[in-house]
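**Q** Required output: the full structure, derived from the provided sequences and hints.
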Amino acid sequence: MALLDPESDKVFHEALAAHDHLGINTILRECHDLFKGVQSLTDCCGGDGTTARAIVKAFPHIKCNVLDLRKVIEKVPSDGIVNYVAGDLFHTIPPAQAVMLKLVLHFWSDEDCINILAQCKKAIPSREMGGKVIVIDIVVGSSSKEMLETQLLVDMLMLVCTRGRQRDENDWSTIFTKAGFSDYKIIKKLGPRGVIEVYP
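Just so you know, we're using the UniProt record's numbering here: the sequence shown kicks off at 1 and counts up by one.
Think of the hints as simulated: they come from the structure by calculation, not from any bench.
Wrong hints could be hidden among the right ones.
Claimed, not checked - Label-pair restraints from in silico Cβ distances: (1) S109 to P60: 34 to 42 Å; (2) K57 to E169: 18 to 26 Å; (3) S173 to K57: 29 to 37 Å; (4) D33 to S109: 28 to 36 Å; (5) P60 to G180: 27 to 35 Å; (6) N115 to D79: 26 to 34 Å.
Unchecked claim - Simulated pairs of lysine-lysine, PhoX-like, Cα-Cα distance not exceeding 20 Å: (7) K188 to K36; (8) K178 to K36; (9) K63 to K121; (10) K121 to K178; (11) K121 to K185; (12) K185 to K36; (13) K122 to K178; (14) K57 to K71; (15) K122 to K63; (16) K71 to K36.
Here a beta-carbon is modelled for each residue, glycine too, at the ideal position from N, C-alpha and C.
**A** Right under this line is the structure:
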C-alpha cells in the first residue's frame, strides 16, 4: 500500500483494524481451543496489533509478537501488551510456538505463499513441541451456490488487483506440502473463511 497518499493510507489501516476487531472476536468465540497450550505467537502482517491484543486479553499467558512493515509499526504507539517487530515475512519471522497468517496469503501467488510458509516453518518448533502455523483465509467451496459465486467473484478481483487468488482445500493442501509441512487440519469454517492449523 506504499502508493497511497497519507490520508488514504490512514483510512486503509483504520479499516483493517476494524475488520480485525470483528474477525478475531468471532474466531476467539468459535475456535477457543485454537490458542490453548500456545505460549508464544507471532501475528504476521498484524498491523496495529488489534488481533494480537485480543488474543492476549483472552489468553494473558501468551506472549505475542506483531510483525509488519516498518512504516506500519512506527505509527503504532507501544502499549506493552504486545511486542512490535518491523520486518518482512519473506525474510525473517520472529520465532514463536505458533505463527498466524490472518487473511494474508490470498494476496500472494502460490510461489510467494510457499516462500512465506517456509519462513513460518523456520520460526516454529516441531509439532511435538506444539509448533504450528495458524492460517485464517478464504477456503473456496460451499454448499451455498450464492456463497460460491461470491467467492469466485472475489477470486477474479484478487487476480486483477493483487498477485493472489482464492483457494480451495486442494490448493491449500498442495501449498502446505510444497512448503515442507507434514499435515494440516481445517478446524472450522466461518462463512467463506477457514481456520486451518498447519503442522511441521
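**Q** If a hint holds in the structure, say so; if it doesn't, say that too.
**A** Hint-by-hint comparison with the structure:
1. S109 to P60: 34 to 42 Å: holds, 38 Å
2. K57 to E169: 18 to 26 Å: For K57 and E169 the Cβ distance comes to about 31 Å; the hint is violated.
3. S173 to K57: 29 to 37 Å: Holds, since S173 and K57 (Cβ atoms, about 33 Å apart) stay within the stated range.
4. D33 to S109: 28 to 36 Å: holds, 32 Å
5. P60 to G180: 27 to 35 Å: Given a distance of about 33 Å, which is inside 27 to 35 Å, the answer is holds.
6. N115 to D79: 26 to 34 Å: Given range 26 to 34 Å: holds, Cβ gap about 32 Å.
7. K188 to K36: Within the cut-off at roughly 15 Å; holds.
8. K178 to K36: violated, 28 Å
9. K63 to K121: holds, 19 Å
10. K121 to K178: Distance ~12 Å between K121 and K178 Cα, so the pair holds.
11. K121 to K185: OK: K121 and K185 at ~16 Å, within 20 Å.
12. K185 to K36: holds, 16 Å
13. K122 to K178: The hint holds at about 14 Å.
14. K57 to K71: Judged against 20 Å, a Cα distance of about 26 Å means the pair is violated.
15. K122 to K63: holds, 18 Å
16. K71 to K36: Given that 20 Å is the threshold and the Cα spacing comes to 32 Å, the pair is violated.
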